[in-house]
Amino acid sequence: MKIFIILFPTLLLFANNFKTITLESNATTVNVGDTVKLTTTGTYSDGSSSSAVDENITYTISPTDSAVVNGSVFRAKKDGNVTVQAAIDGVNSNTITLNITWVVNGHVLPPEPEKALNDSTLLGIDSNNNGVRDDVERWIYETYKDKHPIHVDIGMQAGRAYKQVLETPERAKEIHDTVVNAPLFCASYYMYYAKLFDDPILVHERIDAPVKSKYFNTKDRNDVYWRYDKLLSGDSYPLPDIEKEKSFCDFDTSKYKK
Amino acid sequence: MKQLLFILLVWFYPLFSFGAINEYLMDVYFANGILTDEGNATANTILLKRAIQKDTYNLNIKAYNEDIGNVLRAYNSTRLGGLDDLYESFLQKLSLAGWNDALARLLFCSLHQS
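Chain order of the listed sequences is Y and P. FYI, in our numbering the residues of the first sequence are 419 to 676. FYI, in our numbering the residues of the second sequence are 1126 to 1239.
Misleading hints may appear alongside valid ones.
[Unchecked claim] Which residues of chain P face chain Y? A few of them, derived with a C-beta cut under 10 Å, are:
#1 Ala1166
#2 Ile1186
#3 Phe1215
[Stated by the list, open to error] To be clear about the criterion: a stretch of chain Y counts as covered by chain P if any three or more of its residues have a C-beta under 8 Å from a C-beta of chain P, and this derived list gives those stretches:
#4 594-602
#5 624-633
#6 655-664
If you're looking for bench data, these hints aren't it; they were derived computationally from the structure. Beta carbons are placed, not taken as given, at the ideal position from N, Cα and C, and that holds for glycine.
Use the sequences and the hints to build the structure in full.
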């Protein structure tokens, strides 16, 4: 019994004999779904060091839903900055920060904005300054990522158009067909008439309407839309000729040639 | 000189006006119903245009263009989520049923309050 009491602290000492632990990764930026190799090195009190064995390491990830670590492989789940810290038997490593990006068809999406802050102003947050509010841009890419890329182009065009409604609703008559309905005319071309002009039919659904409901998502934004809408009331507006519908697309349509 | 100018203007007037309105083509007007915004009214007008091309002209766009001129949206804004449109429709129905306008408004107000 006495022997056990003497040996027990000794055994603990052997099990936990790293003085410091260093955590490193082979990359600092990773795309959602991709992996990064983590390396943990322990330093003993005599100054020597060795790689830590995976089974003994626990990882703390913050935010917890952004990534998972299996063994020493870090897999990114959600974009944003994430911190990782390793621990072995109560000894904590340094904390490393990894930047997880969400890239769809080569386009790096902006981070999800904080909702309260994003909705506190009419225009919200557009961190990459591309004319489309960040939450809407992310929604467009998420919704249409598995469809033909023209869906994203038309959705983004609608986003840019609705921004103009929020900025200058008083210019309703000036912008409603040249800007706001332009994505609708563009979609109409690729839905009905493209074949007449040796282009492929690429669109089979309305894209502007769901983008609109995302864009005017607060009472203040909706009120501005109705102010714009009311200014159009009591007048009549011709649809563009089908030959001109394609010209309403504000993106490069040559890439969608047959 | 003035008389000559007057005669010339009168003579050429039909030529000038002919450029503005083509009387050989039909214009189609789409009037939006209740609970539609301008974007939906435009989408519905596009659908109407397509339906005419498909159902009446069997997608013969050349024949369609020989008959139809402009397809236009005659737009009236729907406000308050359609409540005012429902109110107007309600009054119209009661009016058609022979109700006195003031009595109809009174009934609507009491229904609304209840």
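Results for each hint:
no.	hint	result
1	Ala1166	9 Å, holds
2	Ile1186	7 Å, holds
3	Phe1215	20 Å, violated
4	594-602	holds (count 4)
5	624-633	holds (count 4)
6	655-664	holds (count 4)
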